Each structure stands twice: as C-alpha cells, then as structure tokens.
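Visitor: The hints should help you fit chains E and L onto chain P, whose structure is shown.
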Amino acid sequence: MKIKATTFNRVLLGVVLAIALVIPLLIRTNQYNLVLVTTVLLYGVLATAWNIIGGMAGQLDLAAFAYLGLGAFTSGTLLIRWNVSPWIGMILGGLVATGFAVLVGFPLFRFKVREVWYALTSSALVEVLKVAFVMWEDVGGPVERYLPYYSFSLYHMRFGTYIPYYYIMLAILVIALLVNYRIGRSKLGFYLRALGEDEDAAEILGVDARACKLKALMIYAFIVGATGAVYACMYGFIHPSFFSGARSTEVAILGIVGGMGITYGPLLAAVILVSAREFLRASLGGQMESLYLVIYSVVLILIALFRPQGIAVFFQDAYRKLLSRVTGDEHVLKANTPGI
Amino acid sequence: MSSKPILQVSNLTKRFGNLVAVNNVTLQIHEGEIVGLIGPNGAGKTTFFNTITGLYTPDEGRVIFKGEDITGVPPHKICKLGMSRTFQVTKAFTEMTVEETVRVGAYNRHGEDDVMEKVDEVISFCGLEEIRHQKCGDLGLASLRRVELARAMATEPDLLLLDEAGAGLTAAELAELMEILRQLNKEQSVTLCVVEHVMQMVMGLCERIFVLDAGELIAEGTPEEISNNPRVIEAYLGERAIR
Amino acid sequence: MDTVVQSLLNGALMGCVYALITLGLSLIFGVMNVVNFAHGDFVMLSMYFAFFIGSMWGVDAVFTPAITFPLLFIVGVVAYYAIIDGTLRQKYVTQIAVTVGLMTFLRAITQLMWKAQPRALPYSLIQGSIHIAGYNIMLSRLISAVVSILAIGGVSLFLSKTWPGRAIRAASDDLDAASLVGVNYRWTYALAFGLGSALTAIAGGLLMTFQQVDPTMGVRFGLLSWCVLALAGLGSIPGLLISGIIVGAAESLSMALWDPRARSLIVYLIFILVLWVRPRGLFGRK
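Residue numbers (the numbering used here), protein chains in the order written: chain P, 585 to 924; chain E, 390 to 632; chain L, 4 to 289.
Misleading hints may appear alongside valid ones.
What the hints assert, rightly or not - A short, non-exhaustive set of chain P residues, derived as facing chain E with CB atoms under 10 Å:
no. : residue
1   : S770
2   : R777
3   : D784
4   : A785
5   : L789
6   : D792
7   : Q893
No wet-lab data here; the hints were simulated from the structure.
Bear in mind that the values here come from a model prediction, so they are computed numbers and not experimental data.
From the three backbone atoms N, C-alpha and C, an ideal C-beta is built for every residue, glycine too.
The following block holds chain P by itself, in its conformation from the complex:
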C-alpha cells in the first residue's frame, strides 16, 4: 500500500512528538536523566532560535546566553521582589531581551558591523553583561539569589521535580520550531537567507538588510529571553554566571554543525551532540574529567571539516530514500523540498 508524502510526514512528526511526550514518564524516577533530557531540549530551543539570526540571516551571533541571562534575571528578580509569576516574567523577560537586542543591533547593523566582527562583538557583550551584573549589587552580585521554594506551584513555576520543566521546555521548543518554519516560508525568511548569502546582492533586489537583520535578532532574542525565565526557575536561582560566553558559542556551533538554515538541523545537532557529550561526561567522569571535552571537540572539528553543510543533510538524504520507498514516488529523491 502506498501512502501520500504529506500523510507520511504527519505520521512521522506525530511519532517523534509522542516519543518526546513519553520520555519523562519512562525515566521519571531518575532526576539526573530528567535534567539531561531537559538540558537537551534547552539547547534545542536555543539553537532553533539561533537558526533565525545565524542560520538564515548568516549573522554569527555568539550571545545566546546574554539574552537568556537577561530573561532569567528579569523574571527571577520580579519573582523574588514582587512575587510576579514567571509566566508573566517570561513575557517581560522576552521583552527586556528584545529591547537589549534593539539597543545593540541597531547601531551594529547601522554601521555595517559584519561577519567576524559581529561575532566578536556579540561574544564581548556576554562578558560585558556578566561583569555588569556582578557589579550591579541590587540585582546581581557575586552570590546566587534563590527563588522561593515550592514543591509544586504552577503560579511560581516552581516544582520539586524536573518533569514539568521538561514539558514547558518542550512546549517552547515546539513554538520555536513553528516560528522557524513559518519564517522560513515567508518573505522575511527568503530575505534573510538572501542577505545571509550575499548582502549586496540582496539589497539590490530590494531587501532592506538592516531592518531584516534587526527583525531576526528581535525574534531570536525574545524566544531566548522567555526561555531564560524557565531556566531560572529550573535552576532555582539567578547568578551572573548565567552569562556564559562558552555556552553561547556552543549554541552557535550546534546551529552550524546542524545545518545552517534547516529548520530542524540545530535541534538535531542539539539532540545528538549534547546527549553524546553528557553521556561521555557521565561515563568517563571521575579522574578522566574533561576527557569528554577532548573527544567532543575532536568530533566538532571533524564534522565542521568534513560536513560543512551540516549533519542534517545526512538525515535529509536518508529521509528522502525512506519517503520514496513508502510513497513509491521516485520524484522525491530529486525534488528539492526545503525544510523536511
């Protein structure tokens, strides 16, 4: 029996989603594994959001945890000081991150800070924010600020187990993927991809590079900032170390090795690489501490060197073969079907 391609797509998506929904129930007793899968989702969200500014628009942003930290501090401080629910904090955190993105992005894009210099500036921003928050004793400071503890409070987004955080993160991931998918098929998406390839050529075709880049940066910052609120609740405190340059760089690397501009590429990279890294860390542990990082970095280098198109391309090919077998349609093997 032959099935239509769209049906097959839906079934596949359904199966993946069902697995994602069931995972925490299978490992619910093991908090360590729950943290692990939630972390994978977190990186999935960040890398998926990064895909908008980095993958599509080609702006190598290395400041993911700057926006995440701003969201975390906004929502965390609101909760600690005024008992504002993190659900509202999420929106406000997203807005603060977006505001900061405009503040930074406007002059950067205005002065045509491009490529490596944009990457370095954004990387410097994370460090600037870290120091600034260490020095700003009213909100940050060198000591952790703990969020109020509740064993299960929906209002405070505080739970004694990681399972709810997993589902919240999964929901954000689905939203981030949908946003990505929508943008990828809209005028903005085409414009972003065009200017990511060649800014001059895109401008000549009527693309307002500055406005488009700023839009992309704002959307990315909002998603990441909102995620920051959940991040703070999950960890139970806020601290300037949230502004981590190394982790921000990792998000960009996941986006690159996943496959620039492919909707599910960064997520795929996050799922494979972050879980592999954590698995290595757990199994090597002990005296061979940081050996996992050696292996991890070698793998990164090899992927970047030999698969510069990203690992998603592998899956695209495999998927097409599968699709052609299921639907009996040879055509899908050749057809360029973006986003699958």
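Guide: Frame of chain P, contents of chains E and L only:
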C-alpha cells in the same frame, strides 16, 4: 525613440583615496532605450554602476531616477523605485535553488498570495524550468548569469543595469542572452544599460553607446559613430591593438 | 594623581605584551584571512608549557621561550596542516566552527593535564622593582615590555628584510599575484600560522614571570587580542603597539579608579565602540 529621460547622472565623481574612479560623468538614459557602456579595463564602469545603484555613495554629483533624486539612497529603496542590476562577478545565493532566488526578487512588488505567479512567469521567460529546483551553487556560469538576470527581472525594474552579463559565454549562449534582452526591452518596455567587454554584444544590441576611459566619459553616440571615433579607438581599441 | 600615573605605567607595560600577542593574531588574520578563535588559547597553552618546563627543570620563566617558541611553532604548523588548511575555501562560519573546536580542544587538554586550578611558578629572576621619581615599576613587567617590543621589532624586520618574510607579506597583499611569482601559498600560510602561534610562546613565558595561569584564560586573551587588533586595524605594526598600550592602560586605569572587576568591561566597551565608530581601526589601511 522616446526622449523622456529615465536616468539623469550629472557631474558624478567617486574617489578611492587618491584614485578618481569616476570623474565628473554626466549622461542621460531615455525611457525604452538599450544603451551600452564600454571602456577598457579599470575605466570605472563597475564603480559607476555601484555608485548609481547605491552600493557606493558618490563624492560629488547627483543621480536622478524618474525625476527623483536618488543620490546616496540605499540600494533596496532604489530597487523599490524600479532600478535593478546584475553583477560582473556573479553573486549567486549558492545555497538557494533557482526558484527561491527568483522569489527573493519577486517579493519586491508581490505579496505572498501572488508571488509564485511572478516567479513562474520569470522562470519561463528566461527558460529556467529545467534547473528550477537546482541549487545555484551547482550551476555553471551561463546558467548563473541567466539566474542573475531572472532575479533582477523579478523585481520588475523600469531600468535594468547589466554588468558584463555576456562575459565568459559561448557564442550560442550569447545569442540566447541577447534574444532574451531584446524581448525584455520590447515586450516589457524595460530600459537596459549594458556594460560590456564583448563588442559583438554591445554593437548588436545597443542604440547608443557611452565610452568611459580612466573614469571620464570620452564619447557617446551610435555604434557606428563610436567605432569611428578616434578618441575611442585610441583609448579602447588602441589598447586592444597593443595587446 | 599618583595612582593614575602609576596604573597608567603598569598598564602601558602590560599593553606591550598584548601587542605582541595581537601581532601573532594579525599575522594569521591579515595574511590568510582566517578567523582564529583559538589564538587566546595558544597563549594559555604557552603559559602552561612555561609552567611545566619551569617547574620540572627549574628553568626561569623568562628563558622558557627558548624551548616553547619552536614548540609552539610546530604546534601551529601542525594545526594549520591538520585543520586550518581544509577551511580556507569554506565560509567564515566554518572557520569559526573549526577554530572554536580547536579552542575547546586546547582547553580540555590543558584541563586534563593540569586540572582546573591556577598554576604559577614560585619565583623569577626578574623580581623586585625599581623606583623612578616616586613611582614603582615592577622589574618583571618592565623586562616583559622591553622583550615584547624587541620581539615585535624582530618580526617587523623578518617581514621586511628576509625572503620568507617578504613571501608572507606578498601573500597577504595579493594571493594570486604571489602565486604567480612562485610563492607557494600553503607553505607561506603554514609559516605565518606557525609564527603567529610561536609569538604567543614569548608572551606566555613573559606573563608567567608575574602571573598565574588557568584554563579559562584563553577567552580573556582571545577577546583582548581581537580588541587590540580592531583598535589598530590591519597592516601597521607601530599601530599595533600603540593600540596595545592604549588597551593595557585603559584596563589598568579602570581597575585602579573604578573597580577591579571592571577591567574586562572596559576592554570590551572599547572594542564595541571601535567597531561602531571606526571599523577599520585607528591605523588600518582598509
């Protein structure tokens, strides 16, 4: 020939440090024309294009397009007004397919609901159906030049500037390209300005020709006038003869 | 007032070492246009090598470059042929991904070998300080600055007077023309990358005379050297020195007058400001 000017360039000057790449150039292009811009290597043709289309800001002079002063206006706004161009060194969107590339241009005047109609129209006009779903990075030079033309056409310009669109093409490919350009000019009344090294193409296509040498406009006229102009022979053809 | 002059002096001396580090980066970026995110970690690696040699054989840190310079040169050349060469024709994002991988690798290796805690050598020959007009100048910093300037001068001479040096400059000016006149670009690039990395060995040895090292230092030196490079622009070696001194002085001034924690803040703010206001740097030719 209509006499209404579509583009008026007056006293345009562009310097890079001490080098004057475009020196005090004044010229007019009329609606519906096909004009050529020729000159030896380094004469400032590409700089002239870049300055008109907003990639560079001129140091002196003004550019008036359809009665509107566009001096120093960013390229995307100039494109909205109805001027587009191709590049000498092709600037292809290597990771995008031909269809997607054309779509970027088509969004200039079309929304989501009718953008694909425009894309289909341009793709069939330029004869790109065969390679529609191929990535631009996988295409050869002749196809790339045609895709560049297509995406510029998709923006629905009134004036289209072509920077060495014929360079590196075989005689057959060149003839095809010229045919497309003639059709474009006749059927869609697009004014064309062609920068070219391939004399065959300029002479066969253009009604009027401008000659640039060392950044200065040294002659203008019909192809016959130009090929008999002693200054042009000295500057341009003379260079050929020496080679 | 005294503190201002004193910290300006300290910072300026430190800035000379920054300039030396940045010279290495500028060779790599300027010549082959490779975005090397791992440069700061080469400094960190050099410092660990200096520590290792110093503590094992009791050699004073100032003399360690005699061994670490060729060592880092080899590391640089190997890194070039193993990974950088393959990225030359790739987009810059791939280069960044690869050098970030290299950065993580170097950091992980040093963590593996020397654990995460800071390391320092017990003493150096060039301890103590001299007093001039009421100001205190640490001998180690003074000598570091002098050696850095000498090294910068040496590289400058190497680039202008020797045949391999001129080949490097030719390759940076125009790769096509350079290949035409018979310069093998891979060989030249490997040389530039090796030399760029080896310069961090001198800096690393000097830094170890008055500083400790830990694996996170790479990030600081990485961003710092990009900052100095942005300020100086490409192509001017004296400009590099002046920019290094400006950054060093600004850093030390902010520590003395504002808050010790503000030191990196000020560096990054300069960096961001320069990119906004003058993208080609103070002395850049492009």
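Visitor: Which constraints among the numbered hints does this structure fail? Numbers only, ascending.
Guide: none
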